[in-house]
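Peer 1: What follows is the residue order along each chain.
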Amino acid sequence: MSEVSSKRIKTFVAGPVGFLLLLAVVFFALDRLAGFGLGKVAESSQHRFARVYRGEHEPSILVLGHSRGVQLVSPEAVREVSGLPVFNLSANGMSTEVAEALLLDYAENGGKPAGIILEVSSICSNNRLIRDLKVFANRSPRLAAILKRDEPMLATATRLFHTFRYNGDLMPRILFHCFGDDQAFTNFTVAKPEFLAETPIAAADWQIQEGNPAAVARIVSWARERNIPVRLVVGPFWPAAEADAKVSERVIAALGEVTDEKIWDYSGSLADHRFFADHVHLNADGAMELHRVMLESGFFGLWQGRDGKGKTE
Amino acid sequence: MNFVELRFLIFFVLFCALFFTTKGRVRMAVCLVFSYYFYACWDWRFLGLLGFSTVVDFAVARTLERTEAPGRRKGLLLVSLIVNLGILVTFKYLQFFLDSTVAFLGMLGFEAHRATLGIILPVGISFYTFQTLSYVIDVYRKRLAAEPSLLNYAVFVSFFPQLVAGPIVRAKLFVPQLREIPPFEWRRARAGLMLVVWGYFLKTCVADNIGPYVDSCFLWPGASSSMTLILGAVLFSFQLYGDFAGYSLIAIGIGHFLGFDFGTNFRRPFFATNFSDFWARWHISLSTWLRDYLFVPLGGFSRSQVRVHFALITTFFLAGLWHGANWNYVIFGLMHGVFLSSQRLLTPGLERFAKVRKGRGDFLWVPLSILFVFTLTTVSFIFFRAADLSEAWEYLRGIASLEGLSPSTIRYKFMVAKAGLMLAILIVVECVQNHYRIEGEAFFEARPGWQALAMAALCLIIVLFGSFSGNSFIYFQF
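Chains A and F, in that order, are what the protein sequence lines are. For the first sequence, position 76 matches number 110 in my numbering, and the numbering has no gaps at all. For the second sequence, position 279 matches number 1097 in my numbering, and the numbering has no gaps at all.
It is possible that part of the hints are untrue.
The calculated label-pair distances, taken between Cβ atoms and stated as ranges, are [unchecked claim]: (1) A/58 x F/1164: 53 to 61 Å; (2) F/1275 x A/218: 31 to 39 Å; (3) F/1125 x A/160: 55 to 63 Å.
Hint data in this document are derived by calculation from the structure and do not stem from the laboratory. C-beta atoms are modelled at their ideal positions from N, C-alpha and C, and glycine is treated no differently.
Here chain A stands alone, though its shape is the one from the complex (with noise of 0.2 Å):
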């Protein structure tokens, strides 16, 4: 290239018009090429989202829920009496109604589930995690649609910014299970006894939000249109909590209204401190000691065989 032109290239960029063309030029190719290798990574990772849209499912029993239901059974343990692995779509403040748009795509994209779990005390999330599921929403129409109505200025972004997409607390997380996948997450963490005692759970966080008590009756029908065992449970919260707040009882109040499924209440069976992370999440020995008291109480009587080891064994 002569001097002259690249003295003309730089004087051109130097003004407002060249300089805001070549910012524009860069960042959308930047943004584009990012945006696509990011899109790229996403689909090859060994997360439990990630997994839902490239199919690759064994019949497994699935686990749905929020934060709660991540550590709500201990997959090996059910696994030893069902026979089954266990495949856990729970997520942080995940609501029933992004839980069935997941579970509508888990099943059309090859998925066979042998049983379903679900968690009901997530009716009270809202759908917030949409947000961090736009990484998906390319994948599922089901998403999209959530996202369009609950985030439209979300939902524009994503369209305009190909990166921001991967903006969220999710994008972290699937790059961390690139190589391994994350169904062995295990809390240890014990609360203490003080902890449990001096802080309550606001009531106001555990409000039944709208459309969620709807999406739990289309899971149980559709479900039960393809001879699919389906369990709604409340996992346990620690008691003083419990009492205070009454989620348990809301919960079942709303569910009564909209299903006739038996919903599985394990709110006040654990009261030891040493089973919980916090008032209302299990640690991994709580996870345990529930499935002791779900044995006891028949919970796994679908998937169980007579010697009380799974059927398919």
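With chain A's structure known, arrange chain F on it following the hints.
Peer 2: Just chain F, lined up with the frame of chain A:
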């Protein structure tokens, strides 16, 4: 309305359209109307207070200029001080003073009932009050001519980029610029845009990604491991820096874009090697204000060492109180007063040591000094962040218990990892700037192509990692 909202972008585009197509008094009127609208978006009820403070100080300064009698001049200054500080005390400190009096009487055995006044703190009051006070004091000291135009003066007090959280721009710097606004200059506007984008990075990527983790640490200090709490305290230092320096840079950048110079408010404070260096880099507009209008009058440059230490402690006690009506802020300020005072006492010994070293071991001495200043500053920020003294003590107790020092006890690892990545970008950029002594504006002036690339990359990082939850700026509460 806040800089990280979409409606601010619309507001700013409209403002620019009118600002650059008008001239003279009409342009000033545009600035004033938009600034008052910006303020009204926070709380229109306090517009009267802003206007009252503006008119009083304008009138006092004009009268001061026409008055030579020392007694009358002092009286006029007193009027301005009483009005400005009276407003500040009433709205910001009255409840605190009442509560403290009740608590003190209780300690003495007298029973007094706590009265709740229900006073709302007008946003930005500490900033514009200090701005107007400096103007009147400068006119009183005959270091500045009183502004003849009420319109220009009102714009100086209320100009929207720096109205609610600074920088505290001195009249000496800003008022002359209002009299003669330079024509639009692209080179300057480009530099302003760069500052704005870097400011948005500091706010949305650094501060707002750290915020939720810090909030969780301070919400339940008793339930967290020592490592979680230590990390929470360290991250809060960066959150505060990202939040406030981010706001300042956006304000300064907008000023640049429009043709104004608001000065510098932060200069890589965590590279400070001693506490006076820290305050020469942190919230510079406040620290220089305190130096000129408080520390010096209190005898800060006096020969008496006792007087200097008194001036230091008093200045930083008031600096703490300036931040908020809470004993936490007082302790924060006093801690820095003690740090600076101790440093002054140790200076002769440190200077002798430096002479002996002759620069040897600087590779170790400088990082250790930086770490020392950062550690003590971080401890002081625990008081700054905690809701009250008991929460701050509980937090410090949690750290001191040394229960759970393994990194595996850290909560929300993904959040920490993301924040860590943003901090790494910040630290690398600041290390390069600090090492090569380059300021972004000077570096990019002759390299527009590189500037466009850097800006595009920063915008991409903001889109990918920024938090857009509409978080307010921490310093708005002051």
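Peer 1: Looking at the structure, which of the earlier hints fail to hold?
Peer 2: Checked against the structure, no hint fails, so every one of them is satisfied.
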